[in-house]
Amino acid sequence: MPHDEVHEHHHDHPHVHGGADHHPHRPDADDTLTYCRRLEIAVRELLIEKGHLTADEIRGAVERMDARGPHLGARVVAKAWTDPAFKVRLLADGTAACQEAGITFDQSTRLIVVENTPDTHNMVVCTLCSCYPRMVLGIPPDWYKSRAYRSRAVREPRAVLREFGTELPDDMAVRVHDSTADMRYLVLPMRPAGTEGWSEERLAALVTRDAMIGVTQAKAPDSVT
Amino acid sequence: MARFAAGEQVIVRRGNPPGHLRTPWYIRGKHGVVERLCGEFRNPEELAYGRSGEPKRMLYRVRFEQKHVWPDYAGPAGDTIDIELYEHWLDAAR
Numbered sequence: 001m002p003h004d005e006v007h008e009h010h011h012d013h014p015h016v017h018g019g020a021d022h023h024p025h026r027p028d029a030d031d032t033l034t035y036c037r038r039l040e041i042a043v044r045e046l047l048i049e050k051g052h053l054t055a056d057e058i059r060g061a062v063e064r065m066d067a068r069g070p071h072l073g074a075r076v077v078a079k080a081w082t083d084p085a086f087k088v089r090l091l092a093d094g095t096a097a098c099q100e101a102g103i104t105f106d107q108s109t110r111l112i113v114v115e116n117t118p119d120t121h122n123m124v125v126c127t128l129c130s131c132y133p134r135m136v137l138g139i140p141p142d143w144y145k146s147r148a149y150r151s152r153a154v155r156e157p158r159a160v161l162r163e164f165g166t167e168l169p170d171d172m173a174v175r176v177h178d179s180t181a182d183m184r185y186l187v188l189p190m191r192p193a194g195t196e197g198w199s200e201e202r203l204a205a206l207v208t209r210d211a212m213i214g215v216t217q218a219k220a221p222d223s224v225t
Numbered sequence: 001m002a003r004f005a006a007g008e009q010v011i012v013r014r015g016n017p018p019g020h021l022r023t024p025w026y027i028r029g030k031h032g033v034v035e036r037l038c039g040e041f042r043n044p045e046e047l048a049y050g051r052s053g054e055p056k057r058m059l060y061r062v063r064f065e066q067k068h069v070w071p072d073y074a075g076p077a078g079d080t081i082d083i084e085l086y087e088h089w090l091d092a093a094r
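Residue numbers (my numbering), protein chains in the order written: chain A, 1 to 225; chain B, 1 to 94.
Quick caveat, the hints were computed from the structure, so don't treat them as lab data.
It cannot be assumed that every hint is accurate.
To be verified - In silico DSSO-like links for lysine-lysine, alpha-carbon gap of 30 Å or less: (1) 219/A x 87/A; (2) 30/B x 145/A; (3) 145/A x 67/B; (4) 50/A x 219/A; (5) 30/B x 56/B; (6) 145/A x 79/A; (7) 67/B x 30/B; (8) 219/A x 145/A; (9) 30/B x 79/A.
Given the structure is predicted, the values throughout are model-derived calculations rather than measurements.
Throw the hints in and build the complete structure from the sequences for me.
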């Protein structure tokens with residue numbers, strides 16, 4: 001039975017018809033041509049038509065962007081936890097150290113790595129828009145771009161941290177980093193106790209996206225098997 | 001040539017020119033300490049309008065005390081906020 005069959009009868013359960021293949025359908029999510037979508041399509045098609053870019057180049061760029069994710073940052077953090085000389089280089093010049101670790105930088109923005117210690121907890125926000133260390137974390141989560149996070153992270157960071165389940169003692173300073181311009185920030189979380197002798201690969205599994213944004217800490221070793 | 005060095009006290013200008021700005025409203029008029037120099041970058045306030053952004057501007061990371069930025073800040077005195085600011089938004093604090 002085709003799904004687009006026109007139903008003319010009236011009933012209280014518009015999606016339930018009893019047929020084995022007649023499941024409810026969620027409306028398509030891609031059917032709204034907003035102003036910005038229309039603009040993107042127009043500019044993209046013009047760039048292709050005028051020979052500045054090919055469709056495959058655009059597709060490739062999107063594919064590369066989607067391939068980036070927190071696994072890259074986690075690898076860098078785990079390397080810093082196990083290699084003290086690398087950690088020194090990472091804190092001195094995040095861009096160069098990440099490139100050394102095999103991470104590519106598409107944009108001109110530079111990376112600053114900020115280290116959590118028993119005295120200091122770092123947390124990243126972009127109050128003006130949604131600047132994010134995409135080169136090491138990929139696409140930002142929706143909450144990072146929300147007006148609530150962007151305004152409250154600078155105004156009441158400890159309340160925001162509590163909502164993420166992160167309760168910090170008063171003698172640990174909270175250092176917020178507002179990425180307003182050409183720098184991007186990655187938090188180097190503290191290495192959890194009880195991970196002595198762990199391999200980089202095992203350690204990386206403790207390093208979450210949220211820990212590298214600084215709204216939480218690295219996972220405890222007993223949380224992973 | 002950088003006008004300020006790391007550790008120097010600066011104050012953020014209170015300007016409110018029209019157009020694309022990278023200096024958040026909440027930090028204008030506040031004083032802080034230069035945490036580090038980030039290097040020179042093309043001016044985003046010009047780039048936003050398709051201009052060259054030249055000459056490049058020195059970018060600083062400035063650290064502010066939260067209790068100073070928000071007088072009713074609910075947290076200990078050691079909490080800070082670091083912001084990137086372009087040189088033309090900074091004056092020496094007297």
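Do the hints match the structure? See the list:
1. Distance hint between residue 219/A and residue 87/A is fulfilled; the C-alpha atoms sit about 20 Å from each other, no more than 30 Å.
2. Among the hinted pairs, residue 30/B with residue 145/A is consistent with the structure: their alpha-carbon atoms are about 25 Å apart, no more than 30 Å.
3. Between residue 145/A and residue 67/B the CA atoms are separated by roughly 25 Å; this keeps the pair inside 30 Å, and the hint holds.
4. The hinted pair formed by residue 50/A and residue 219/A fails the criterion: a straight-line CA distance of about 50 Å is larger than 30 Å.
5. Using a Cα cut-off of 30 Å, the hinted pair residue 30/B and residue 56/B holds, with the two alpha carbons roughly 24 Å apart.
6. Restraint check: the Cα-Cα separation between residue 145/A and residue 79/A comes to about 29 Å, which is no more than 30 Å; the hinted pair holds.
7. Note on residue 67/B and residue 30/B: the hinted pairing holds, with a Cα-Cα distance of about 11 Å set against a maximum of 30 Å.
8. Between residue 219/A and residue 145/A the alpha-carbon distance is near 24 Å, which keeps this suggested pair within the 30 Å criterion.
9. Pair hint residue 30/B plus residue 79/A does not hold up; C-alpha atoms about 38 Å apart against a cutoff of 30 Å.
The structure does not agree with the numbered hints 4, 9 stated previously, though it agrees with the rest.
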